[in-house]
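Line by line, the protein sequences are chains A and B. So the first sequence is residues 4 to 232, counted in our numbering. So the second sequence is residues 698 to 963, counted in our numbering.
Hints listed in this document are in silico derivations from the structure and should not be mistaken for laboratory results. There may be inaccurate statements among the hints.
Derived coverage of chain A by chain B (criterion: at least 3 residues anywhere in the stretch with Cβ under 8 angstroms from a Cβ of chain B; other residues may be distant) [stated by the list, open to error]: (1) 27–37; (2) 51–59; (3) 93–100; (4) 187–195.
The list that follows gives simulated cross-link-like pairs (lysine to aspartate or glutamate, EDC-like), each with its CA atoms no further than 20 angstroms apart [unchecked claim]: (5) K24/A / E933/B; (6) K741/B / D214/A; (7) K24/A / E723/B; (8) K741/B / E95/A; (9) K172/A / E12/A; (10) K741/B / E89/A; (11) K24/A / D831/B; (12) K141/A / E925/B; (13) K24/A / E169/A.
Keep in mind the model is a prediction, meaning the values are calculated, not measured. For every residue, glycine included, the Cβ atom is placed at its ideal position computed from N, Cα and C.
Each chain, written out:
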Amino acid sequence: MDLTVARGESLVVIGRSGTGKSVLLKHAVGLIRPDRGTVRVNGIDVNSLGEAELLALREQMGMLFQGGALFDSMSVGENVGIALREHTPMPERQIDLVVAEKLALVGLAGTEALRPSSLSGGMKKRAALARALAMNPKIMFYDEPTTGLDPITADVINRLIRRLQERLKITSIAVTHDMRSAYHIADRIAMLHEGRIHAVGAPAEIQATRDPALRQFIEGSSEGPLLPT
Amino acid sequence: MSETEAGTAADWPQRFLLARLQNAGEVFILLGSILRELPSGVRKIGLVVTQMEAIGLGSMPLTVFVALFTGAVAAVQASYQFRGYIPMIYLGTVVGKSVVIELGPVLTALVVGGRVSAAIAAELGTMRVTEQIDAMETLGISPIRYLVVPRFLAAIIMLPVLTIFADIVAILGGYLVAILTLDVSSHTFTSGLKLYFKVQDVVSGLIKAFFFGMIIATMGCHYGLRSEGGAEGVGEATTRAVVASCLLILIVDYLLASFLFRVLFA
Numbered sequence: 004m005d006l007t008v009a010r011g012e013s014l015v016v017i018g019r020s021g022t023g024k025s026v027l028l029k030h031a032v033g034l035i036r037p038d039r040g041t042v043r044v045n046g047i048d049v050n051s052l053g054e055a056e057l058l059a060l061r062e063q064m065g066m067l068f069q070g071g072a073l074f075d076s077m078s079v080g081e082n083v084g085i086a087l088r089e090h091t092p093m094p095e096r097q098i099d100l101v102v103a104e105k106l107a108l109v110g111l112a113g114t115e116a117l118r119p120s121s122l123s124g125g126m127k128k129r130a131a132l133a134r135a136l137a138m139n140p141k142i143m144f145y146d147e148p149t150t151g152l153d154p155i156t157a158d159v160i161n162r163l164i165r166r167l168q169e170r171l172k173i174t175s176i177a178v179t180h181d182m183r184s185a186y187h188i189a190d191r192i193a194m195l196h197e198g199r200i201h202a203v204g205a206p207a208e209i210q211a212t213r214d215p216a217l218r219q220f221i222e223g224s225s226e227g228p229l230l231p232t
Numbered sequence: 698m699s700e701t702e703a704g705t706a707a708d709w710p711q712r713f714l715l716a717r718l719q720n721a722g723e724v725f726i727l728l729g730s731i732l733r734e735l736p737s738g739v740r741k742i743g744l745v746v747t748q749m750e751a752i753g754l755g756s757m758p759l760t761v762f763v764a765l766f767t768g769a770v771a772a773v774q775a776s777y778q779f780r781g782y783i784p785m786i787y788l789g790t791v792v793g794k795s796v797v798i799e800l801g802p803v804l805t806a807l808v809v810g811g812r813v814s815a816a817i818a819a820e821l822g823t824m825r826v827t828e829q830i831d832a833m834e835t836l837g838i839s840p841i842r843y844l845v846v847p848r849f850l851a852a853i854i855m856l857p858v859l860t861i862f863a864d865i866v867a868i869l870g871g872y873l874v875a876i877l878t879l880d881v882s883s884h885t886f887t888s889g890l891k892l893y894f895k896v897q898d899v900v901s902g903l904i905k906a907f908f909f910g911m912i913i914a915t916m917g918c919h920y921g922l923r924s925e926g927g928a929e930g931v932g933e934a935t936t937r938a939v940v941a942s943c944l945l946i947l948i949v950d951y952l953l954a955s956f957l958f959r960v961l962f963a
C-alpha cells in the first residue's frame, strides 16, 4: 500500500470492519512497527526514531481514539491539561485557561471537574478531542470518530472536525465506515480493501464510482462482490 | 496428522520453555526501562505519594491483622515444640527471630503482594484494553515514567515500612499469647526476645522486603500492560500477576536467605 497525505489535507480511509484501518492509523503514529515498509512524517522515518525523539514528534500529533480513551483516574480538566503539564513549563493558571479554551472549542465549557465515567459517549469523544488538541498539533488522527454516536452527535463531531481542519489548517487522517461522515470531512477518500488501497478520489468521484466493490460499500448493500466478514 | 499438529504434540516442552524464557526476557526489558526512567520518575513526587498511600495505607489493616495472628501462632507452636526439653526463656528469642527474619517480611509480602499486584495489574490492564496506554503514548508521555515508576518506587518504600509494622505487631501478638495463654511470664518472654537480638536480623528482613516490593510492582505492571482482549484478558492478567509475585517472592526469599545468612552475615 502506498499512501501520501499532503499538508493541510483531510484524508478519510474507509473500509470494512477488520480490514486493518485502526492498525493503519497506529502505524502512522508509531504505536505499531511495520514488518515491511516505511512510515514517514514530514519526511522523517517514524520507526528510525529513538524513544525520546518519537515522544517529541508526537507532541505535534494528536489522536482521537474510538472510545475516547480518557484517563479514568483523572477529571476531564486534568485529562485535557496533561500534555501541557508534562511537556511545557506553563504555570498552572495558564494551563487552566488553555484547558477552558479547548473545552469551549468542543462545546464542553465548564466540564473540567467532571469525571470521564459520568460523560455520555459523545461527550467523551469531545473531551478526548479537546485533550488531543491541547498542544495545538499540526496533524490529527481520528479512529472512527462517529462510530457509536447518535446521528445528531455524529453531525456535531463531523462539523467540529471540518471546522478545526479549515480554521487551524490541521492535516487530518480519519478512519471510518460511516460514509456520511466521510463525505462531510474528507478532501480525499481512500478505500482499504484486502490490505490494499482499492480506490482513491475526491468525495464526488467516489460517490459517482462504477467500481462494484466500492459501489457496494458506499451504498451499504449486502449484495455484490464483497462477502460478509 | 498434519505437520503442524504433529509439531504441536511433540515439542510442547520446548515451546513451554521458550514461552517462559520470552516472558522472563520481557520482564527484564521492563526492569531495564524502569531503571532508566527512575531518575525522572523520582521527580514526580505527587504520583509516588499517591501510590504510597494506595499501597501502604491501604494494606495496613490487612498487614496488622495477618501479623497479629502470625505472631500468635508462632508463639503457640514454638511453645509446643519446646515443651519438655527447651527452656521457655528461648520462646521470646525464637518468636522474635523468626518474625523478623522470615515471617514478617514473607507473609506481609505474600498477603500485600497478592492484593497490590492484583490491583496494579487490573488498573493497568483496564487502561491497556481501553486504549488509554496508547493514548498516553500518542500524547508523548511515557507510560513507564508516568504509571510504572511511581508504583515501583512506592512498593520498594512501603514494603519495608509495612514489614516493620508487621514485625512489631507479630511480636506483640506472640507476647500476648505467651503471657495470657502459655503460662510464660512477661519478664521471661521479653528477656528471651532481647537475649540474642541482632540488628542484622532486622536489616536482613528489610532487605528482603525491599526486593519483594520490586517483585510485586514489576509483576503487576508487566502482566497489566500485556493484557489483551477485554475483561477476560484483564482477569487473566490479574491472576498471573498474583501467582508470579507469590512464586518469585518465595524463590527470591531462598536466594536472599542464602546470600544474607551464609555470605554477608555469616
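Going through the hints against the structure:
Given a C-beta distance limit of less than 8 angstroms, the hint that chain B covers the segment 27–37 of chain A holds, as 3 residues qualify and 3 suffice. Given as covered by chain B, the segment 51–59 of chain A passes the check, having 3 residues with a CB less than 8 angstroms from a CB of that chain where 3 are the minimum. Check result for the segment 93–100 of chain A against chain B: violated, 0 residues qualifying (beta carbon to beta carbon below 8 angstroms, three or more required). By the rule of at least three residues with a Cβ nearer than 8 angstroms to a Cβ of chain B, the coverage given for the segment 187–195 of chain A is violated, with 0 such residues.
A threshold of 20 angstroms between alpha carbons decides the hint, and for K24/A with E933/B the separation of about 28 angstroms lies outside it, so the pair is violated. The suggested pairing of K741/B with D214/A is violated, with an alpha-carbon distance near 56 angstroms, which exceeds 20 angstroms. Proximity of K24/A to E723/B is assessed by CA-CA distance (about 28 angstroms); at most 20 angstroms being required, the pair is judged violated. Straight-line distance between C-alpha atoms of K741/B and E95/A comes to about 16 angstroms, which keeps the hinted pair within the 20 angstroms bound.
As the CA atoms of K172/A and E12/A are separated by approximately 8 angstroms, the hinted pair is consistent with the 20 angstroms bound. Restraint check: the Cα-Cα separation between K741/B and E89/A comes to about 10 angstroms, which is no more than 20 angstroms; the hinted pair holds. Under the criterion of a C-alpha separation no larger than 20 angstroms, the hint pairing K24/A with D831/B is consistent with the structure, at around 16 angstroms. For a cut-off of 20 angstroms, the pair hint linking K141/A to E925/B is broken: about 31 angstroms separates their Cα positions.
About 24 angstroms separates the Cα atoms of K24/A and E169/A, which puts this hinted pair outside 20 angstroms; it is violated.
Of the numbered hints given earlier, the model fails hints 3, 4, 5, 6, 7, 12, 13; all others are met.
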